[in-house]
Every structure is written in structure tokens, then in C-alpha cells.
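> Put chains B, C and D on the given structure of chain A with help from the hints.
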Amino acid sequence: MDLRVQAEAFDAGAELNAFTARVSGAGAVVSFTGVVRDAGQPQGGGLQRMEIEHYPGMTQAAITEIMGQALARWPLVDALVIHRFGTLHPGDPIMMVATASPHREAAFQAAEFLMDYLKSRAPFWKKEVGAEGAAWVAARDEDEGALGRW
Amino acid sequence: MDLRVQAEAFDAGAELNAFTARVSGAGAVVSFTGVVRDAGQPQGGGLQRMEIEHYPGMTQAAITEIMGQALARWPLVDALVIHRFGTLHPGDPIMMVATASPHREAAFQAAEFLMDYLKSRAPFWKKEVGAEGAAWVAARDEDEGALGRW
Amino acid sequence: MDLLYFAWVRERIGLPRERVETRAATVAQLIEELKAREPRYAAAFADLNSLRVALDQKLSSFDAPLAGVREVAFFPPMTGG
Amino acid sequence: MDLLYFAWVRERIGLPRERVETRAATVAQLIEELKAREPRYAAAFADLNSLRVALDQKLSSFDAPLAGVREVAFFPPMTGG
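Residue numbers (the numbering used here), protein chains in the order written: chain A, 166 to 315; chain B, 166 to 315; chain C, 1196 to 1276; chain D, 1196 to 1276.
Next comes chain A alone, as it looks inside the complex:
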């Protein structure tokens, strides 16, 4: 299990390659990368930066527990979570998840499970700062609802 909560940027491609090399028995590797939306896109119109706050005392333990659940539930060779906090800019990777398994279904399901729980149970809060002001990203009802399927 590899978990990093950090302010520093990371290279998702290099992390994917390192993870894949480490789990060479796996066969199937799934990754998810969350990226700050580009200001040039309609969805992100005017976004200048994102500020991510977290709860240092709780973050590591909460994600470790989520990862432990995933490793217990699916036949995973390993799992990786990297999550940034602090100031990020459009196009920056915010976080990534990777899972490795002999079975592609398990790798996909575990990655989705980790994402669903990280979205609603890991103590991070995102604030979007644009030309016209700043706003905290609201939790989506669908994200809370997504937990129901596990």
C-alpha cells in the first residue's frame, strides 16, 4: 500500500510506470487521475487556481482505512493513492489512484471504490478561485449516493 498526501506536484505518468513495475505479477493496472479543469474549457470558465485544504491529523488515517478495505475486498496486488493539498492551477493533477490485480474487473472496481470513498470520506475541501471571486466546491448528492453501491 502506497499513500502520499503532499503539497508538492507529482508526475502521474512516472507514478503509473513505477507502480506497474512494482506489481509485475498483476496483469491489469487501472489508474484514475483527477486534474484541475482548464480555464479555457466551458466547465472551468475563468478558474485561476484551486486551494485544497485538508485535516492533517485525519487524512492519512482515513485514506489508509479506505485502502485497507479495498485490499481486503478485491484480489489486489497493490494500491496507490496520491493526493495533493495547497494551491493548484488549471491542468495540474490533484490526485491519483492506481490499483493492480490479476483480474481487470477487480482492478476497475477497486479503483472506483477508492475514488467514491475519497470523494466523500477523505477530509479534503476544494475552493475554486476565479476572476470574479472564490467559492468552495459543493459536495454532490451523487457522490454521497455513489457510496451506496459498495
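The hints are simulated quantities; they were obtained by calculation from the structure and are not laboratory data.
Just so you know, these numbers come straight off a predicted model, no measurement behind them.
Take these hints with a grain of salt, some might be off.
Unchecked claim - In the BS3-like style, the derived pairs of lysine-lysine whose C-alpha atoms are separated by at most 27 Å in a straight line are:
1) D:Lys1230 / B:Lys292
2) C:Lys1253 / A:Lys292
3) B:Lys292 / D:Lys1253
4) D:Lys1230 / D:Lys1253
5) A:Lys292 / C:Lys1230
6) C:Lys1253 / C:Lys1230
What the hints assert, rightly or not - Derived list of chain D stretches under chain B, where covered just means 3 residues or more per stretch with a C-beta under 8 Å from a C-beta of chain B:
7) 1197 to 1203
8) 1241 to 1254
9) 1259 to 1270
In this text, a Cβ means the ideal position worked out from N, Cα and C, and glycines have one as well.
Here is chains B, C and D on its own, set in the frame of chain A:
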């Protein structure tokens, strides 16, 4: 849409980074990498190499159609498929899929859809060559069955 | 007891953490005490549906007892990932 | 008409492609003609459940008509991905 069917090796991490940079409006990027299992692992015991045969006249068209279906069905910014043929060794990436969307559910589902169809509808055949001989990889009933959910 | 505030809870109250003396038996009672203090607390705790609480770094509920708890954190629903 | 063989179909028949003259109206009839030729064809086409066919590079079925078809490919279930 980016589709490459090739004998040459590829760098999954570099491809993921290039894809992510290209779809900067997306927010959510999912990748799947299929890797030749390591000879050192119980699952791959004694595997020396994998020979992948394909049907050149059909491969490109079949995958293009599958990708077109994915792009029509989910709100994707883009999709990538790379699939190798020829001789591969344990630890080598066989193929990768990447999908990008503003919504993580769409990115995950489209990647799983592409994988399910590539498994059973793209004209590739894998032969495993080990110390004690060679055997064609048999299609799994679950793989054919997985198409039923789409 | 240490109180921690995150995101817009922190912004409304105007500080990230503070130490309080309280005899509140539950989180809900503690919230009532805080709301009675000053309008900024009343504003932060106006809508409990949009609030979450963690006791000693574990997600909990508003009716949970505070006995033995050293750190209470209030924050909006999390938006990780 | 060009016939293409892949994977163990190719190995059993012993060649990757060949050109044939046929009046078979359907894929199934073509298969019967081939099986009658030589044991290696009979071996390759013994179990149709483990075979797939593509007509002009499109996955098809054994009862499909061959009229106008230029390329017929036989192979086991695909194992891509």
C-alpha cells in the same frame, strides 16, 4: 480519438501524461494497462514470452467502431487505445486504454466498456510460450458475458 | 477540548482552531453552546445538514457523546478526489 | 474468394491464407466443402462453437450468405486486451 496498433513497445506513463495534457478540460482521466504477467509470479509460472497475432485488415476498423460507440455513449473529451502485436515478454505492457471526461463515472464506465469489447471483439489472439511448450490463451466465458451489461 | 474548523466553517468563525472548556455531553449540546456565543458561530452552525463532525479524527454524528474526546472538528461535506 | 486463418485455426490448417473457388451459398456450406477436402480442415472446423467468422473484416455468423464476399476469415474467439 487516438488509436494505435503496433509491434513497437510503448511507455504507458508517457502516453498517460500526453493524453492528460491534451484533454485538459476533462477533470477525470482513467487508464487501463494490460501487462504480460511476470514469470516469477504464481499466475505466470514459467512464461517466457507471449506471441500476439492479429488480423491487420480488421483490427483498426473494429477498434475504431468500438471507440466511436464509447464516444457516442458517454460525455468523453477523448479516448485512447494502444494495442501491441508480435512478441512480448513478462512485464511488457500489452495494451492500454485511456478515457477523459468531466465526470469520473463516465471516464470509468467508458474505459470498462472499451476493455470489455477489446477483450472479445478486437481480432487479437494471444499465445503463451513457456518452458514446457506453447498454448493459445482461451477466451473466458466471463469475458463474453461481460458484454451483456452494456 | 480542541475545536478545529475547516473550509467555510473556518472562514465563518474566523479561526482554524481554539481551545474550549465545556460540560456539553454531546456534539449537539456543544453546538448549542457555541451558537449562543456570537453571531459568527450561529452563522457557521445554522444548517447542520451541511455540516460534518469528527471526534478525535473519526467521522461521527451530532448525537455522539463527548466523554473522553480531546479533538472535535467541524467541516462541510468533504470534496476530495 | 480469399480465406484467412488465424491462431490455432491457422496452425491446424497449416497456412495463413489461400484463395478458393467455391459455389457455397453460405459460410456453413463453405465449411462443409473445406472439411471434405482433408483431415486438417476437418480438424480445424470440428467444433464450430469454438470458431468465429468474419466476412470482409466484419464479424458474422455461419448462416450468413457469401454472395459478393471477397474475404472470409476463420479464427477462435478473440482474446484482445
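> Each hint: holds or not?
So, going through the hints one by one against the coordinates:
no.	hint	result
1	D:Lys1230 / B:Lys292	holds, 25 Å
2	C:Lys1253 / A:Lys292	holds, 23 Å
3	B:Lys292 / D:Lys1253	holds, 23 Å
4	D:Lys1230 / D:Lys1253	holds, 23 Å
5	A:Lys292 / C:Lys1230	holds, 25 Å
6	C:Lys1253 / C:Lys1230	holds, 23 Å
7	1197 to 1203	holds (count 4)
8	1241 to 1254	holds (count 4)
9	1259 to 1270	holds (count 3)
Hint compliance for this structure: no hint is broken.
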